[in-house]
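Order-wise, the sequence lines are chains A and B.
Take the first sequence: its position 157, counted from the start at 1, is 157 in the numbering used here, and no numbers get skipped.
Take the second sequence: its position 107, counted from the start at 1, is 107 in the numbering used here, and no numbers get skipped.
Because the hints were derived from the structure by calculation, they are not lab data.
Just so we're clear, the structure is a prediction, and the values are computed from it rather than from any experiment.
All C-beta atoms in this analysis are idealised placements derived from N, C-alpha and C, irrespective of residue type, glycine included.
Do not take every clue at face value.
[Unchecked claim] In silico DMTMM-like links for lysine to aspartate or glutamate, alpha-carbon gap of 25 Å or less:
#1 K415(A) x E280(A)
#2 K346(A) x E144(B)
#3 K100(B) x E280(A)
#4 K396(A) x E105(B)
#5 K14(B) x E383(A)
#6 K396(A) x E78(B)
#7 K100(B) x D412(A)
#8 K100(B) x D382(A)
#9 K100(B) x D424(A)
[To be verified] From chain A, some residues computed to sit far from chain B (all C-beta separations above 10 Å):
#10 A5
#11 G374
#12 E429
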Amino acid sequence: MSNDAISYFSAKFSEEKKKPGALAGFSDKAMAEFRKLGLPAVRHEEWKYARVSNLFRKDLQIGTGETGLTKADIDKFRLPDADSATELIFINGIFNPALSAVRHLPEELIAIPLEDAANGDYAEFVKANLGHSADYHPDGIHALNAAFADNGLFIAAKKGKVIEKPVYIYNLADSRPGFIFAQPRTLVHVEAAAQLQIAVQYITIGGNESFTNEVFEIVAEKDAIVDYYKIQHEGQLANHVGTTHIRQVGKCLTNAVTITLSGALVRNNLNMIMESEHGESHMYGLYLLDGKTLADNHTIVDNVMPHCYSNELYKGIMDGESSGVFNGKIFVRKDAQKTNAYQSNKNILLSDSASANTKPQLEIFADDVKCSHGCTIGRLDDEALFYLRSRGISEKNAKSLLLHAFAIDILDNIKLGPLREHVDKIISERLDFNF
Amino acid sequence: MLHIKNLHANIEEKEILRGINLDIKAGEVHAIMGPNGSGKSTLASVLAGRSNFEVTQGSVEFMGKDLLDMSPEERAREGMFLAFQYPVEIPGVSTTNFIKTAVNEARKHRGLDPLDAVAFLKLMKERMKLVEIDQSLLSRSLNEGFSGGEKKRNEIFQMAMLEPKLAILDETDSGLDIDALRIVANGVNKSRTKDNAFLLVTHYQRLLDYIVPDFVHVLYNGRIVKSGTRELALELEERGYDFIKNEVELAEQD
Chain A
1 MSNDAISYFS
11 AKFSEEKKKP
21 GALAGFSDKA
31 MAEFRKLGLP
41 AVRHEEWKYA
51 RVSNLFRKDL
61 QIGTGETGLT
71 KADIDKFRLP
81 DADSATELIF
91 INGIFNPALS
101 AVRHLPEELI
111 AIPLEDAANG
121 DYAEFVKANL
131 GHSADYHPDG
141 IHALNAAFAD
151 NGLFIAAKKG
161 KVIEKPVYIY
171 NLADSRPGFI
181 FAQPRTLVHV
191 EAAAQLQIAV
201 QYITIGGNES
211 FTNEVFEIVA
221 EKDAIVDYYK
231 IQHEGQLANH
241 VGTTHIRQVG
251 KCLTNAVTIT
261 LSGALVRNNL
271 NMIMESEHGE
281 SHMYGLYLLD
291 GKTLADNHTI
301 VDNVMPHCYS
311 NELYKGIMDG
321 ESSGVFNGKI
331 FVRKDAQKTN
341 AYQSNKNILL
351 SDSASANTKP
361 QLEIFADDVK
371 CSHGCTIGRL
381 DDEALFYLRS
391 RGISEKNAKS
401 LLLHAFAIDI
411 LDNIKLGPLR
421 EHVDKIISER
431 LDFNF
Chain B
1 MLHIKNLHAN
11 IEEKEILRGI
21 NLDIKAGEVH
31 AIMGPNGSGK
41 STLASVLAGR
51 SNFEVTQGSV
61 EFMGKDLLDM
71 SPEERAREGM
81 FLAFQYPVEI
91 PGVSTTNFIK
101 TAVNEARKHR
111 GLDPLDAVAF
121 LKLMKERMKL
131 VEIDQSLLSR
141 SLNEGFSGGE
151 KKRNEIFQMA
161 MLEPKLAILD
171 ETDSGLDIDA
181 LRIVANGVNK
191 SRTKDNAFLL
201 VTHYQRLLDY
211 IVPDFVHVLY
221 NGRIVKSGTR
231 ELALELEERG
241 YDFIKNEVEL
251 AEQD
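Between the sequences and the hints, there should be enough to build the whole structure, so can you do that?
Written out as structure tokens, the structure reads:
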């Protein structure tokens, strides 16, 4: 199928690239990469569990941006307190300014098509920063997103602005015509001393399969504070490969929380690139899976400069025949002395057919660093269960109390209150938790 | 209230309880003493329904019902309470929410409506005084980061909230300094009524200076080898467990 996929996407690429824009060079280069690399095969160590090449079937089709979806269709998926947030909409991977609503002042925040940014005031920034993540993901699927990046979105949080209301991004895949392929692309510039909170969610409309292949790049400048929340709560037919690439180009604070509650095949890459001394980053993840969902979280913390701190905690609860994968890489480069990097992955298996795979990978080239990692895979703690039951709490409720407690540890890191409550509500319903 | 007849129990094929007989009536306080490894904590665990023990023989009747037939939560709702020797730390579960859930499960079992927030808080405030426990402790995660003494006080606080018919205190005195011991004992003494009963499992007689038992039983090698009153505990304190061991061995030689 790999060859078929290459010819399908090549044809689509030539069809769409009639007008040469500012991103033409970038896309051409990416398309050439894609042709060269092809799709990641299962033998590729990075893609051992997420067998993504299986998804490139003959019936997979790039979706159009004109699907007739209206604001009313989007209404039921809006995140809490959306009326005061900026809401940015992708339809089948294509940024749709008409359906979007920028509710921040232009001196605080701008959100425009990536192509416009590349042609206008932000040309230099886009040229210098778009595609930085490619070095970390030398694979065809990453290149394939880049080849179609001109449909993307550009966001800038302006210098010194503390932006209180969040930016919500909704990625809609309209699968009514068939098995739809969508490739959203976003570049975010958080300027010096700006503060920004972004929440991204994914929605598949229609009863067919969907496949989203996303690349989301954030560049954070000195003294910026960035909170990034990725909420995955799609149907059992939705597939996802997404790379979130966060660069700290100045000393700043970046937080990422990734919540995966459903989907078919879900692969999340999250990178924190610590390019400035004394940077601080936090990465939290929760995957609560059942059915046949596979969620594969690959994270990278790349300590380029000294004195950086990073903390990472991923937790998984797997029921049914679901499968959770965690791979956490920490690189400490030669010059990155005094790095503090912590990583932990904890898994609870609720059924005999569920599975968890966890692999920490530390590559340390500096000699004066503190790095730790740990992982656990187990069942619910029998002693804790007995303790709760011995107080008259039923086994079912005791389990749900313990699972909710396990999950809440991650949810507490969603600082955006209404969003945290929204996610907590979904999780509580799933766990039958009502105390 | 509680009738234990010829109770035998194993853990991983090894027989720990080898024929326990014990009757506890409402209003009584019993103390079970014995050297390490005699089966004291096993007895407490088997009564509360811990699953890693297997009862191989005998019967236990609690409030006229077959105790061994009940799940741990049913035992609790029927009025049994175990104060753990090592209370479990459960991060993410707030102590207050947990106790509220437990209290309301017990009420539901008795056909009562759940307590509303105001009534619950009132009850809580009142019972907090019993064990001199601080509000700030209760708003934290269950036992997480509690000191040894705080954990034990939290156990007695839960007991006071749940108002059990039979409370089993498994080495509640271990690891307590004298002030904490006094507070815990005071909580127990104030909870005593003519309708409830206590089973104190302890290695030392120290606790019994503060909670005066009606009966003292010595457990050795999985059997109650001697029963008496408070004087028996004092005798044990003075002479150590060796005299019991010697008596048992002499008896077995006969």
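Status of the hints after comparison with the structure:
no.	hint	result
1	K415(A) x E280(A)	holds (16 Å)
2	K346(A) x E144(B)	holds (18 Å)
3	K100(B) x E280(A)	violated (39 Å)
4	K396(A) x E105(B)	holds (13 Å)
5	K14(B) x E383(A)	holds (21 Å)
6	K396(A) x E78(B)	holds (18 Å)
7	K100(B) x D412(A)	holds (22 Å)
8	K100(B) x D382(A)	holds (22 Å)
9	K100(B) x D424(A)	holds (20 Å)
10	A5	holds (45 Å)
11	G374	holds (16 Å)
12	E429	holds (18 Å)
Of the numbered hints given earlier, the model fails hint 3 alone.
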